[in-house]
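*Asks:* Listed below, chain by chain, are the residues.
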Amino acid sequence: GENVEQHPSTLSVQEGDSAVIKCTYSDSASNYFPWYKQELGKRPQLIIDIRSNVGEKKDQRIAVTLNKTAKHFSLHITETQPEDSAVYFCAAPPYSGAGSYQLTFGKGTKLSVIP
Amino acid sequence: EAQVTQNPRYLITVTGKKLTVTCSQNMNHEYMSWYRQDPGLGLRQIYYSMNVEVTDKGDVPEGYKVSRKEKRNFPLILESPSPNQTSLYFCASRKRENYGYTFGSGTRLTVV
Chain A
1 GENVEQHPST
11 LSVQEGDSAV
21 IKCTYSDSAS
31 NYFPWYKQEL
41 GKRPQLIIDI
51 RSNVGEKKDQ
61 RIAVTLNKTA
71 KHFSLHITET
81 QPEDSAVYFC
91 AAPPYSGAGS
101 YQLTFGKGTK
111 LSVIP
Chain B
1 EAQVTQNPRY
11 LITVTGKKLT
21 VTCSQNMNHE
31 YMSWYRQDPG
41 LGLRQIYYSM
51 NVEVTDKGDV
61 PEGYKVSRKE
71 KRNFPLILES
81 PSPNQTSLYF
91 CASRKRENYG
101 YTFGSGTRLT
111 VV
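Protein chains in written order, with the working numbering: chain A, 1 to 115; chain B, 1 to 112.
Extracted from the complex, chain A is given alone in its bound form (with noise of 0.2 Å):
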């Protein structure tokens, strides 16, 4: 199956900067890449995907960026908020060939920003 490795587990900034999590997968045919954001006691939300066609992807202050031959995908944050602190897991479908895809996830980033 799918393993999905997401770095790092905490990251904490001041509020303005940038912020990247990088996570990396196993499985070469993979093809769709989602992040959500999940805030404190709530559910996770998606706020952006890739599909492998696309290098880049950008949605305001977020973007996604992926590389398929080193089998990575990062999620960037520009000028960040305070409200943006939550916990950011990225997911990725190992690809069975048969219609049916499962969504593996990355253990999560926890997301500081410092005002």
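These are calculated hints, taken from the structure and not from any lab test. Source: prediction; values computed, not measured. One thing to keep in mind: the hints can contain errors.
Computed beta-carbon distance windows for the label pairs [as the list claims (entries may be wrong)]: (1) B:10 to A:39: 17 to 23 Å; (2) A:79 to B:2: 29 to 35 Å; (3) B:20 to A:40: 26 to 32 Å; (4) B:51 to A:39: 27 to 33 Å.
The beta-carbon is built from N, C-alpha and C at its ideal position, and this holds for glycine as well.
Keeping the supplied structure of chain A fixed, place chain B upon it in accordance with the hints.
*Replies:* Structure of chain B alone, referenced to chain A:
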């Protein structure tokens, strides 16, 4: 409002007493899945379903059962709960052609 609804939100039970956590979605999604979340371990998939009457094991299926008799419902059954099943459980659903999961609000289960 499009949503995934789980019940109950909180549950404390005793070892061995069968319980069911319900999950329902109103978005006509084909795929549904159950995850458990434990500190330091992230989200681990228990079972998933690709459509009615089609289910398969995820990474941590031991001690759990599921059923998918209707498209909107995907209950999680613990026939004989044990303390190591104390966890935060999330149900999630998505369309077949869209990989982005929508999660329910979670069920915090404590087995004593």
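*Asks:* All hints are to be evaluated individually against the structure, with a verdict given for each.
*Replies:* So, going through the hints one by one against the coordinates:
1. For the pair residue 10 (chain B) and residue 39 (chain A), the supplied restraint of 17 to 23 Å holds, since their beta-carbon distance comes to about 18 Å.
2. Distance hint check: the CB atoms of residue 79 (chain A) and residue 2 (chain B) are about 30 Å apart, consistent with the given range 29 to 35 Å.
3. A beta carbon spacing of about 28 Å between residue 20 (chain B) and residue 40 (chain A) agrees with the range 26 to 32 Å that was offered as a hint.
4. In this structure, residue 51 (chain B) and residue 39 (chain A) meet the distance hint of 27 to 33 Å, their C-beta atoms being roughly 32 Å apart.
Every hint, counting from the list given before, is met by this structure.
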